[in-house]
Amino acid sequence: MEYHPQPTAGEARPWAFPAPERGALSNGLTVLRCHRPGQQVVAVEIFLQAPLDAEPEGLDGVATIMARALSEGTDKRSAEEFAAELERCGATLDSHADHPGVRVSLEVPVSRLAKALGLVAEALRAPAFAEDEIERLVGNRLDEIPHEQANPARRAAKQLSKELFPAAARMSRPRQGTEETVRRIDAPAVRAFYDAHVRPSTATAVIVGDLTGVDLDALLAETVGDWSGNTAPARPVPPITADDTGRVIVVDRPGAVQTQLLIGRIGADRHDSVWPAQVLGTYCLGGTLTSRLDRVLREEKGYTYGVRAFGQVLRSTAPGSASGATGAAMLAISGSVDTESTGPALEDLWTVLRTLAAEGLTDAERETAVQNLVGVAPLKFETAASVAATLADQVEQHLPDDYQAHLYARLAETGTVEATAAVVNAFPVDRLVTVLVGDAARIAEPVRALGIGEVSVVSG
Amino acid sequence: MPMGHTATAQAGSGGLTATEHRLANGLRVVLSEDHLTPVAAVCLWYDVGSRHEVKGRTGLAHLFEHLMFQGSGQVKGNGHFELVQGAGGSLNGTTSFERTNYFETMPTHQLELALWLEADRMGSLLAALDEESMENQRDVVKNERRQRYDNVPYGTAFEKLTALAYPEGHPYHHTPIGSMADLDAATLEDARAFFRTYYAPNNAVLSVVGDIDPEETLAWIEKYFGSIPSHDGKQPPRDGTLPDIIGEQLREVVQEEVPARALMAAYRLPHDGTRACDAADLALTVLGGGESSRLHNRLVRRDRTAVAAGFGLLRLAGAPSLGWLDVKTSGGVEVDRIEAAVDEELARFAAEGPTPEEMERAQAQLEREWLDRLGTVAGRADELCRYAVLFGDPQLALTAVGRVLDVTADEVREAARAHLRPDNRAVLVYEPVEPADETEDSGDAAQTAGTDAHEGADK
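Sequence lines, in order, name chains A and B.
Residue numbering for the first sequence follows this note's numbering, beginning at 1 and increasing consecutively.
Residue numbering for the second sequence follows this note's numbering, beginning at 1 and increasing consecutively.
Hint data in this document are derived by calculation from the structure and do not stem from the laboratory.
Where is the CB? At the ideal position from N, CA and C, for every residue including glycine.
Any given hint could turn out to be false.
Here are the simulated lysine to any residue pairs, SDA-like style, with alpha carbons at most 20 Å apart [unchecked claim]:
no. : chain 1 : residue 1 : chain 2 : residue 2
1   : A       : K115      : B       : E360
2   : B       : K223      : A       : E2
3   : B       : K223      : A       : P7
4   : B       : K234      : B       : G56
5   : A       : K115      : B       : E291
6   : A       : K380      : A       : A409
Residues of chain B clear of chain A, computed beta-carbon distances all greater than 10 Å [claimed, not checked]:
no. : residue
7   : F194
8   : A418
9   : V429
Work out the full structure: start from the sequences and follow the hints.
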């Protein structure tokens, strides 16, 4: 073939993260709307301020069961009828509970938005919480637990939360409850949680898609506008603390052919001015297969299909909140390596971290990371669902609506030195809790020899 | 470069258009303009997948796909990933039974770079391919296999069912990931021969979708790909056709360390691209798609014997498609009880067919899935390639949803009657065993086995 020199880029075309229009309905429901031409599948995200730490003592999982029960029948329809009507719209509805609250996510072709939004409004306004449906959801949830327990990645995440957070903190325990707590959940408990924490005045609806020809005000008024409720005092937010004393916990899986790694601690959330630098530095460490970790662990040594470093917000608080508590993100490195390579892989991983701390990032690395993180934005936010999810995340994390739009400028302004400092602070070699789900008989000794912290073994 | 079709929207295409072109070396090109977002998707399908592999070399197509990211004539090492990501793009490659695809989504102003990179590896991969990257990627792929299959509960179900459903010697008898032994056996010379045989412009379709200037894009394609010589060394894959019906119930019981009993089954269904396949898709959706399906209502809601129950469809063009049943049992429920209920529901459905409401729901669900797929430039680029490679006409991608909506309830009932019967399935039953002692060498752990037959270059 005839070789040609590498082409140079054309002129970049302007793109900005969309600015939503914010408003409120007369029932107190906050509404963010955003018109995205061409996106025929509309995304609706509803955030309910029903956080996990509001679950009553001993009833971990009640928020999850409530979230699931929202789509299991209303005052007008049985569970089966509700599911059938929703699917008749070609819609999907997901609902899940996490530390900040419950998220209800609807996706539906715009031609059937009115009907689907009506169903969602019905679910929010008048869920049935029928006894036999709750009983079924509880049974179903109990059946799921052994499957999660058996999954190495889920098992590792569960162990890390247990290790990091104080036993009394809700964050130390599984988001969807344990067998013991889920078993106690019944219809009255679900109803009580709903009554105490679900109301329009503390909820936000985000609607994104091609809204050409949709009279959204009228549609909102006759659907979610019909939902009523009282007001509630702001809930005190407990502070997040974690014990990140460097140590290793092996969750024993005799015979496992791989070891699942999860190495983590907590750090700054998006309210902290270090966030853009932390994002940039974490990307350089382990954002992709050409980042520092995979360059060695995958592309040089072949120990893994891929190891990633990431920061994921656990919960944030409003700036200047009365309790003075601040939010936090989980900062972690995760992946899996073949059993035999576990010791050598961890040794290399620590060497990567030490080298990073000693020598810092290069300008070229920082430049590539900025180009990627900023450049992929129009791709990443092509669909209505991705825009809606980010807008709802901002709401849930008490961030301004233009946070994401400004983040790109801040990333571009972040220098190599700042990014280095942020990632080295985020992943200090002696303050990392390492969870390994694997064959203890084969991996515990090689890991002890590395001196990355005391090694203990728990059963799988 | 004769223009095949013009950019006039066809009925039922939702206003989407595509034009077709062919370079002198045989490379087929499909372009589709869409200026809503300043991005462009490049997608390249090579007409080679695991069905082209020979005995003793399973997994080679996928291992080779990894090698396509290890540098080429003018691109060093991981340069392909570095340059695309450094330009604000995203990329990957995947391998299935019937094809291997490579794709980049770029900000519009970086489109030319993606075309240059794809052309460089199509034309000059062997200049860079060496023993070191072969050994390294062999290890990476083996770890991919462990992570996605061997170290996950039910992880090898897909492989087991495929091996049951397609007889020994059939090109689809093995899955794209391949066996550990064959991955170990593959040599650098195998990889070189594979490239020389299958990676030719006349064995590929290139689609570019998004915020593009078609004339400028075509000129770039001609410039970068035009001088790559075509060649005809490719052998057609072994014939994948089989009788319409298996003719007996095949069965395997797996005793493994899994969290619950499971009933899985693969039904032999019509080839992709046929109206009968669309009818079967609707039948599976009514029976086992979503939370209002017959199996979900029966097993999860009413009998409460299952934690999850559903059907999936693996569409295949060169062999019968597979209807994929997956039921995880609740508590201590025995598989027999589940199986009797499934058979009862399938027999009832075959006799009665769908209700008008069920047809409406199933068609609405499949319509939304199509809107989702065609709603991104990358999704559209992939579908255009799919229809061009497998069915010879990319325009079919833009009208696919109309064909699904055109199927009648009678056709759906007929699809169920003809195919969803006990003598046309391979069954896999999981019976959990207690945690292994030291001698057990199989993996453990959870998750639902999917019908995702694609192996990716990156996680």
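Hint by hint, here is what the structure shows:
1. K115(A) - E360(B): With a Cα-Cα distance of about 15 Å, the restraint between K115(A) and E360(B) holds, given a limit of 20 Å.
2. K223(B) - E2(A): holds, 9 Å
3. K223(B) - P7(A): Roughly 11 Å separates the two Cα atoms, so the pair holds.
4. K234(B) - G56(B): Holds - the C-alpha atoms of G56(B) and K234(B) are around 19 Å apart, at most 20 Å.
5. K115(A) - E291(B): Given that 20 Å is the threshold and the Cα spacing comes to 18 Å, the pair holds.
6. K380(A) - A409(A): Cα-Cα ~17 Å, so holds.
7. F194: holds, 19 Å
8. A418: Label holds. Min Cβ-Cβ 25 Å, cutoff 10 Å.
9. V429: It holds; V429(B) is separated from chain A by about 17 Å at its closest Cβ, greater than 10 Å.
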